[in-house]
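K.L.:
So the protein sequences, as listed, match chains P and B. Reading the first sequence from the start, the letters are residues 2 to 646 in our numbering. Reading the second sequence from the start, the letters are residues 1039 to 1578 in our numbering.
It should be emphasised that the hints constitute simulated quantities derived from the structure, not laboratory data. Heads up, a few of these hints could be off.
[Claimed, not checked] Here are a few chain P residues that sit away from chain B, every Cβ distance over 12 Å (derived from the structure):
1) TYR5
2) ARG214
3) SER344
[What the hints assert, rightly or not] Sample of chain B residues facing chain P (criterion: CB under 10 Å; computed from the structure):
4) THR1094
5) ARG1532
6) PRO1533
All C-beta atoms in this analysis are idealised placements derived from N, C-alpha and C, irrespective of residue type, glycine included.
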Amino acid sequence: MDLYLSSATATDAERAAVDALIGLPDTRWTGGDRLDAADAITARTGAVARARRTELLPVLHAVQKAIGWVSWGALNYVSLRLTVPPAEAYGVASFYAMLSTEPQAATVIHVCDDVACRIAGAEEIKGALRAELGDHPDPEGACTFLGSPCLGLCERAPAVLVQRSGSHDDLAIAPASPDHVAGLLRSEMTAPDYAEPVASIPQAAGSDRDSLRLLRRIGLLDPTSLDSYRAAGGYGALERAMDLGAEAVRDEVTASKLMGRGGAAFPTGRKWSAVAEQPAQPHYLICNADESEPGTFKDRVLMEGDPFALVEAMTIAAYATGCSYGYLYIRGEYPLATTRLASAIHQVREAGLLGGTDILGRGFAFDIELRRGAGAYICGEETALINSIEGYRGEPRNKPPFPVAVGLFGKPTVINNVETLLSVLDIVLDGGAAYAASGTPDSTGTKLFCLSGYIAKPGVYEVAFGATLRELLEMAGGITGSGKLQAIMLGGAAGSFVTEDALDTPLTFEGTRAIGASLGSGVIFVLDDTVELLDTLTRIAAFFRDESCGQCVPCRVGTVRQEEALVRLGRPSTNGERDVDRALLADVAGVMGDASICGLGHTAATALSSALKAGLLDGAFQRADVTPADSGSGLDETKRMEESR
Amino acid sequence: MFGAGGGTSSYRDIEDTDFIVLWGSNARAAHPIFFHHVLTGIRNGAQLYVVDPRRTSSAEWADQWLGIEVGSDIALANTLAREIISAGLVDAEFIGRATTGFDEFRDSVQEWTLERGKQVTGIPAAVIKDLAHAYGNAERAQICWTLGITEHVTGVDNVLSLINLALLTGNVGKPGAGLNPLRGQNNVQGGGDMGAIPNKYPGFRDVESEEDRLRFEKVWGVPLPAKKGLHLSEIFEAMGRRDIRALYVMGENPAESEADVAHARKVLCDLDILVVQDIVLTATAQLADVVLPSAADWCEAEGTVTNSERRVQRCRKALDPPGEARQDLQIIADLARRMGHDWPELTSEDAWDELRSLSKMHEGMSYARLDEHGGLQWPCPDEEHPGTLILHERLWADPLEGEPVPFCPVEWHAPIDVLDEDFPLRLTTVRRLDSYNTGVQTDVLSTAPLRKDESLRISPEDATRLGLADGALARVSSRRGTIEVLVSYDLALRPGLTWMTPHASEEADVNVLTAEDWDPKSGTAEFKAVAIRVDAMTAS
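When you get a sec, could you build the whole thing from the sequences and use the hints?
P.N.:
Written as structure tokens, this is what we have:
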């Protein structure tokens, strides 16, 4: 590919960061020394060189980590090494929140101010940081802080993520206190003792432990030891799967009626069969561990507490669908889960259960590559995730074709959520029929729920499908705060708000559908009646505006219009403005739902629409109109929004 | 070898093929629209190999670039042929049925071992072998070339050597396979098809065939010369001898584009009368006694153009020509009337329909059908004919239809402009994306947005040895003449090789350096292999 680079050159440190990850350049045409004259007559680049684009995000991560930001010179070198047009490399680098294309402080504290953390003291943490660093920290100083969307630590809110360049690892801290965070700035930051994942599973402490299936090993084994996992029966499912044969495994999964747990609830058996039957080769497997739905943290707990199980489950999925290579795409803000999975994959490979050509002596070859996201909610959408792996901006593709036919690198691709894959272990061990016997006829097996907000014992809960919302709340010790329920955000920011009258709804796919809601990613975020719901909804609107990839107009413009209308709703209004905004919100919701490319746009208005429908915003709409003279300056609000973009 | 001069396949066959060789072609820059078809082919899985002395922007897309020594194309082709034969990669069935002269050809390339090929072309033997095997093994393969093949004194032989490769492997006349000379403008193909070449009437009818001549005399109502005319290089030689003393130039700019241009300018000035018909006042027009301002064909006139896949397309008038400019057809008709011929008022369609009556391959292409089909590919002999996507499909008919195609053994000769102590560097001329030839259309009417100062591109190693800083002014000499020009470093260039463009003679008069020697078979001069020396300017 003909690349047209600017004159900016990479520093030695930037080159070293790239080379440490992908090796030294082998020709002058891909970044090597000109004086190496051997390749002045011939060059072998072309398709092989262009195929390196898939390494783009890992390489940008490496530069960000080593240098603290990605300069033009570094981008030029990366472009040359991986044969990526520099404008596109910039497009990728500027797409992700954890990569900076401007000089940035060596330490960036991402303070979660999303729905759960903002009612748990996020602003106090920001206040403490402001007191230490000033209102506008020098972006090139030693340390700065940024507001962040949900960090997936809601059960221990409030949370911060400390992103650090150089030799220090990133740190996730939850719960974080203003004093603690301010103290971090003054002394050398050290890794805190992570709360062990079992702390996020209240059921593990009591007699309920016996009922756990997906969560059953967490806390009972050493998540850093393959031996410990095998001693707990690990890799029995893979042996069993290979005894059954690939087709029989698919049959068991189909018989189990397992539905995808990522939010779309697609039958897993059908997806697997569709890929297995594709003649095009190779087939790819992707584990979607880009858990980013606000209020969701179940996959993090699974990966931190039982990482080997995910590796085994991926291997079974690959075996059943004829995949020779798999990617585990984990969200960038999960440092502990990333470390544990990297270690697990390494140990499993060393033990001969990954890589090679003959896993368990059955002539099966499969390997897994761990890929880190870099701060982009949209990459949880399967085709955006595929583009991200390929080294493109994480923009969703039009469907069809679906990934089962044309997925990663244009090949048939199985893409499953973490919880879905882990469910397969028991299906293989116990049989699909046994699995289907639990839960309800249309929602089989167990489901993980993420309880947070005003609830006594927040955490991940595992119940057989069929339990009601009320039962879940009781298991979790009931509502705290004022003790009076205002609403529950069910399914995530892309889900719905439900109220008291929905408490006896069974938490099944069909049960939630019947009340116009969805299980989504299993979020149950509880709001007592003291929470200013307009504030929560405005934060959700800001989240979608920030996370919209901008590719399609309905979503790019609609999410902005939606947030603007909610901001207006929060201030005194002029005559008739409320009616106009109510109509506008309905229009925008309709257009985004009808005409967006992907699920982000389709669901960016569902939470708001459900709240409007439930009358939860009636108070805000009924606030008396005022005359323009009284209304103060709306400019301040507009300015604030501009700055927050 | 095949008769009519045109690419054998369609753009579609570039998109749907397994293997593409771009040989002496930087289509990425010089044929950007065609290259989009190449890119589609690449995306569909085709491999791309590029043979070019420079690692051009096309070569940057290639799976394999072969940085051939300038002027050693026949050596490479013959080496490939020998390797394809000795590795058993020939299509013996095709050779037996559709070709003649294989044995003689095989013997002719016997000396071209990989080792000898390497010595002459500079390309490692393993890389030559790789190309031979990749081309030989490909199910469907394309060879595309442009001026890097033809603008040599051995231009025709160069082309023949490539055709031999296609005959060896049966890569012609079937879908996805072909031999394609890429045309540099929207109507280079059409110009030749319409008889704007000295030995052919429209539709590739032979000037020296009595049958053809009588046919044209009958329709045109005038006696026609029985002997073919002179080609461009011969015309300038004849002008030098003053055998030709009047010249009518239409849409050409030889005062800048001719090789050894100093000589060309002198003989243009020595003419008794020079008439130039052009859309702008070119350097040649500035030497003219009479200038006839012409309409721009692509927007100010009606007519047709024919592209590299032989597709005839209609061109429509969108604007009235400015001032006194007129459509070429009107100018020529008026001239005829002034010369005493009673020509009627002609529309473009009238002229086209006359052509259709004389050229069988265009006969089925009425304006109405051209409109309906968005253009048609010749040959299209009648109004029911859908046009021809692929030429020479007859070679695959069993039994063969028509005559078999002969192999043409060709000998390699070193470039005539030899490198020696006095002229140690090789200069080649190339084109850039934003300019076309002497820049009449790309630089005179508007300044190309990417235009940088024209310069001699040289490797940093050579420049440093010569004491030339990047951007310094240097004196560049060949055996024909000397120019002063800026030098700029080209990091992609190997030592010993330099390049310039013909785009801006006012800044870099490259054709003062090129050789007037021409290919006796095509009349094309040697633009590609020039021996030069470069000297730093001493302070004066």
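K.L.:
Each hint needs a verdict: does it hold in this structure or not?
P.N.:
Hints, one by one, checked against the model:
1. With a cut of 12 Å on Cβ distances, TYR5 of chain P falls inside the contact zone with chain B, its closest approach being about 9 Å.
2. Every C-beta of chain B lies more than 12 Å from that of ARG214 of chain P, the closest at about 45 Å, which supports listing it as non-interface.
3. Chain B leaves SER344 of chain P outside its interface by the beta-carbon criterion, the shortest separation being 38 Å against a cut-off of 12 Å.
4. Nearest Cβ of chain P to the Cβ of THR1094 of chain B: about 8 Å, under the 10 Å cut. The hint holds.
5. Satisfaction of the interface hint for ARG1532 of chain B is found here, the shortest Cβ-Cβ separation to chain P being roughly 4 Å, below the 10 Å cut-off.
6. Given the 10 Å rule on beta carbons, the hint for PRO1533 of chain B holds: about 8 Å separates it from the nearest Cβ of chain P.
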